[in-house]
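Number of protein chains: 4
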Amino acid sequence: MKVEKDRLNQLKRDAIQGFIKYIGMKAVSLSPGRFTTRLKLEKRHLQQDGFAHAGLVAAMADHTAGYASFSLVPADRRILTMEYKISYFRPAGGDYLECQGHVIKAGRQVLFTQADVYAVKGKTKTLVARAMHTMTAVPVEKMPKA
Amino acid sequence: MKVEKDRLNQLKRDAIQGFIKYIGMKAVSLSPGRFTTRLKLEKRHLQQDGFAHAGLVAAMADHTAGYASFSLVPADRRILTMEYKISYFRPAGGDYLECQGHVIKAGRQVLFTQADVYAVKGKTKTLVARAMHTMTAVPVEKMPKA
Amino acid sequence: MKVEKDRLNQLKRDAIQGFIKYIGMKAVSLSPGRFTTRLKLEKRHLQQDGFAHAGLVAAMADHTAGYASFSLVPADRRILTMEYKISYFRPAGGDYLECQGHVIKAGRQVLFTQADVYAVKGKTKTLVARAMHTMTAVPVEKMPKA
Amino acid sequence: MKVEKDRLNQLKRDAIQGFIKYIGMKAVSLSPGRFTTRLKLEKRHLQQDGFAHAGLVAAMADHTAGYASFSLVPADRRILTMEYKISYFRPAGGDYLECQGHVIKAGRQVLFTQADVYAVKGKTKTLVARAMHTMTAVPVEKMPKA
Numbered sequence: 641m642k643v644e645k646d647r648l649n650q651l652k653r654d655a656i657q658g659f660i661k662y663i664g665m666k667a668v669s670l671s672p673g674r675f676t677t678r679l680k681l682e683k684r685h686l687q688q689d690g691f692a693h694a695g696l697v698a699a700m701a702d703h704t705a706g707y708a709s710f711s712l713v714p715a716d717r718r719i720l721t722m723e724y725k726i727s728y729f730r731p732a733g734g735d736y737l738e739c740q741g742h743v744i745k746a747g748r749q750v751l752f753t754q755a756d757v758y759a760v761k762g763k764t765k766t767l768v769a770r771a772m773h774t775m776t777a778v779p780v781e782k783m784p785k786a
Numbered sequence: 641m642k643v644e645k646d647r648l649n650q651l652k653r654d655a656i657q658g659f660i661k662y663i664g665m666k667a668v669s670l671s672p673g674r675f676t677t678r679l680k681l682e683k684r685h686l687q688q689d690g691f692a693h694a695g696l697v698a699a700m701a702d703h704t705a706g707y708a709s710f711s712l713v714p715a716d717r718r719i720l721t722m723e724y725k726i727s728y729f730r731p732a733g734g735d736y737l738e739c740q741g742h743v744i745k746a747g748r749q750v751l752f753t754q755a756d757v758y759a760v761k762g763k764t765k766t767l768v769a770r771a772m773h774t775m776t777a778v779p780v781e782k783m784p785k786a
Numbered sequence: 641m642k643v644e645k646d647r648l649n650q651l652k653r654d655a656i657q658g659f660i661k662y663i664g665m666k667a668v669s670l671s672p673g674r675f676t677t678r679l680k681l682e683k684r685h686l687q688q689d690g691f692a693h694a695g696l697v698a699a700m701a702d703h704t705a706g707y708a709s710f711s712l713v714p715a716d717r718r719i720l721t722m723e724y725k726i727s728y729f730r731p732a733g734g735d736y737l738e739c740q741g742h743v744i745k746a747g748r749q750v751l752f753t754q755a756d757v758y759a760v761k762g763k764t765k766t767l768v769a770r771a772m773h774t775m776t777a778v779p780v781e782k783m784p785k786a
Numbered sequence: 641m642k643v644e645k646d647r648l649n650q651l652k653r654d655a656i657q658g659f660i661k662y663i664g665m666k667a668v669s670l671s672p673g674r675f676t677t678r679l680k681l682e683k684r685h686l687q688q689d690g691f692a693h694a695g696l697v698a699a700m701a702d703h704t705a706g707y708a709s710f711s712l713v714p715a716d717r718r719i720l721t722m723e724y725k726i727s728y729f730r731p732a733g734g735d736y737l738e739c740q741g742h743v744i745k746a747g748r749q750v751l752f753t754q755a756d757v758y759a760v761k762g763k764t765k766t767l768v769a770r771a772m773h774t775m776t777a778v779p780v781e782k783m784p785k786a
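Protein chains in written order, with the numbering used here: chain A, 641 to 786; chain B, 641 to 786; chain C, 641 to 786; chain D, 641 to 786.
Some hints here could point you the wrong way.
Copies of the same chain look alike in the list, so a pair counts if it fits in one copy or across any two.
As the list claims (entries may be wrong) - Quick list of in silico lysine-lysine cross-link-like pairs, BS3-like style, CA-CA up to 27 Å: (1) 761 / 652; (2) 645 / 765; (3) 785 / 645; (4) 666 / 782; (5) 761 / 645; (6) 683 / 645; (7) 683 / 765; (8) 745 / 680.
I should point out that these hints are in silico values taken from the structure, not numbers from a laboratory.
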């Protein structure tokens, strides 16, 4: 699918707002079906044992996969997460987290995605979590009201 | 399993720190194997369409299930999330979110939990998401270093 | 939603065919959004340690949830499983397995379901697994060809 | 980890028994942390619309990931599935199914695995499903009795 450069740039800006801006995620790169994000780890992100909170890692995976999906649907459709599963291979810490999301299978209404989260400390990059999502693309006029 | 009242009170306080405090979660009640939490919805919690971000809902479910698990393990063990799956039955909005977590099966090293998230608007309470987690109880001395 | 009795009876018969008949599942009862099935455990169902194979337990959960979903959609729609997660609380054995599936949330195109699997030995019934599925209801004319 | 050739051969034989033999799975190749299996599709494997039953596909993914895990644990440990999630990208049909399972992260007691299932028709091989599992390695003497 051909995706306009303007559309990608707009989505990349759009991606960082609300909760995602609040927790400090940054957009790194967005291409059709692929999105990479980063988050500098700070004290506010940690859980009781000093690791990045599992909920933070999951939010990052969810949002990164969500905008990877956005890049493959027409501009009059919105993306909602229907469900996901995330596995934590090890507790996450370090300088920052990087998340790489991609679309495995894009249908008109349903998109399957995967997102890998890496912990980066100095020059070491370690896979800490993998998530698999089912996203739905909803026409704007059918979106429920917030 | 008999759980000391002091231990429950301490866990309930301990539950609200770091990332969880930052996003505004509150502990409502903690009994052995059951934890209830709330979060008043504010602008900082929303995604691009004005709903509570799926990542926020998941963080709430994860943490609530995590401390429900904590309440059933000896004081020298820590809880880490190994994995979970969450399904979103409808987008979440309203005045606040409430999460009810409980332990389905508690083993010595592995605990299976479930967490239901409700959106509350005025007097209406709607189930918006359900998560199933696998938690692990790690002896303090074997915890990885953050 | 009103579901005709004839439709339920037809679905209950329809449920036991192909792979499901081959592995020995039986329909117990089907009401709108709820389906119960059973499977008498035999040698052919076991894995290397003498327990019911995890794949068998999952097939049972998937199919039971699938036909619980069928009971809530118009007769010109077919049900396909988009994804599920299943947790095994303990290895399963005994005289037979019973599975209780129900629809948590039924949309026009997407249905969320849950299925609990019990192992029954004599008079003891033990919860051994819980699954959560996302089903899709596809109009017959849009079904892919087998 | 060095895995003896004899051990791998024995595991490869051991993999095909009970339920797995009954449904017709074959072992193709087993190396440390990787297992490939195949299943020739027959009428007994199908669901109501003529596709391979989702439960069959899941059983294949589960078992393939299970023996990929077996290949990385000491001979006095047994593998049990704690949970998995499987996504179905499209209905599966064709001549046979092939499943490729691998271990993502092997701990002493917990192993995270992934299994991809392909449908093969003539010269076309299509990814139809992906599963992520959490396996546990249990010392023989601690195994529950079947």
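Status of each hint after checking the structure:
1. 761 / 652: within (25 Å within a copy, 32 Å between copies)
2. 645 / 765: neither (30 Å within a copy, 33 Å between copies)
3. 785 / 645: neither (30 Å within a copy, 36 Å between copies)
4. 666 / 782: Close neither inside one copy (30 Å) nor across copies (34 Å); limit 27 Å.
5. 761 / 645: Neither: 33 Å inside a copy, 37 Å across copies.
6. 683 / 645: Neither, since 36 Å and 30 Å both go past 27 Å.
7. 683 / 765: For residue 683 and residue 765, the Cα distance is within 27 Å only inside one copy (20 Å; across copies 33 Å).
8. 745 / 680: Between copies, since 25 Å is at most 27 Å while 30 Å is not.
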